[in-house]
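Hey, can you work out the whole structure from these sequences and the hints?
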Amino acid sequence: MHRDQQYFAIVHEYIPQGESYAAAVQSQIDFFWRMGFDFSSSPRPENWKSGMLVDYPDIVSPWGYGWYKTSYRRREDVGI
Numbered sequence: 714m715h716r717d718q719q720y721f722a723i724v725h726e727y728i729p730q731g732e733s734y735a736a737a738v739q740s741q742i743d744f745f746w747r748m749g750f751d752f753s754s755s756p757r758p759e760n761w762k763s764g765m766l767v768d769y770p771d772i773v774s775p776w777g778y779g780w781y782k783t784s785y786r787r788r789e790d791v792g793i
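Residue 714 is where the sequence shown starts when you use our numbering, and the numbers rise one by one after that.
Quick caveat, the hints were computed from the structure, so don't treat them as lab data.
Where a beta carbon is used, it is the ideal one built from N, C-alpha and C, also for glycine.
Treat the hints with caution; some may be incorrect.
Computed cross-link-like contacts, EDC-like style, restricted to lysine to aspartate or glutamate with a CA-CA straight-line distance of at most 16 Å [unchecked claim]:
1. Lys782 <-> Glu732
2. Lys762 <-> Glu732
3. Lys762 <-> Asp717
FRET-style restraints, in silico, Cβ to Cβ [as the list claims (entries may be wrong)]:
4. Ser733 <-> Gly777: 22 to 30 Å
5. Asp717 <-> Thr783: 15 to 23 Å
6. Asp717 <-> Ser753: 32 to 40 Å
7. Met714 <-> Glu759: 31 to 39 Å
8. Arg786 <-> Gln718: 39 to 47 Å
9. Tyr727 <-> Pro770: 14 to 22 Å
10. Pro729 <-> Ser755: 37 to 45 Å
11. His715 <-> Ser763: 27 to 35 Å
12. Met748 <-> Glu726: 30 to 38 Å
13. Arg787 <-> Gln718: 25 to 33 Å
14. Asp717 <-> Ser754: 33 to 41 Å
15. Ser763 <-> Arg716: 44 to 52 Å
16. Pro770 <-> Asp743: 15 to 23 Å
17. Gln718 <-> Glu789: 37 to 45 Å
Spelled out as structure tokens, the structure:
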């Protein structure tokens with residue numbers, strides 16, 4: 714990024730920093746799993762705020778690079 718350039722961003726929703734409750738996180742992880750998404754690696758706690766995933770590079774779409782049938786599974790107790 715350069716100081717003399719103008720950059721634009723789309724903000725969908727502001728998520729305040731807060732506690733990530735296991736049930737809320739697991740609910741989202743299950744949703745992504747049912748839709749065919751997988752995690753590129755173990756979910757990173759810093760990518761979650763108040764129980765919501767805010768950094769989507771953590772997940773890989775079924776047709777995306779890094780998605781493997783052999784690693785696709787339901788994740789539980791991810792420690793977020």
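Comparing the hints with the structure gives:
no.	hint	in the structure
1	Lys782 <-> Glu732	violated (32 Å)
2	Lys762 <-> Glu732	holds (7 Å)
3	Lys762 <-> Asp717	violated (31 Å)
4	Ser733 <-> Gly777: 22 to 30 Å	holds (25 Å)
5	Asp717 <-> Thr783: 15 to 23 Å	violated (47 Å)
6	Asp717 <-> Ser753: 32 to 40 Å	holds (34 Å)
7	Met714 <-> Glu759: 31 to 39 Å	violated (20 Å)
8	Arg786 <-> Gln718: 39 to 47 Å	holds (42 Å)
9	Tyr727 <-> Pro770: 14 to 22 Å	holds (20 Å)
10	Pro729 <-> Ser755: 37 to 45 Å	violated (24 Å)
11	His715 <-> Ser763: 27 to 35 Å	holds (33 Å)
12	Met748 <-> Glu726: 30 to 38 Å	violated (19 Å)
13	Arg787 <-> Gln718: 25 to 33 Å	violated (43 Å)
14	Asp717 <-> Ser754: 33 to 41 Å	holds (36 Å)
15	Ser763 <-> Arg716: 44 to 52 Å	violated (32 Å)
16	Pro770 <-> Asp743: 15 to 23 Å	holds (20 Å)
17	Gln718 <-> Glu789: 37 to 45 Å	holds (44 Å)
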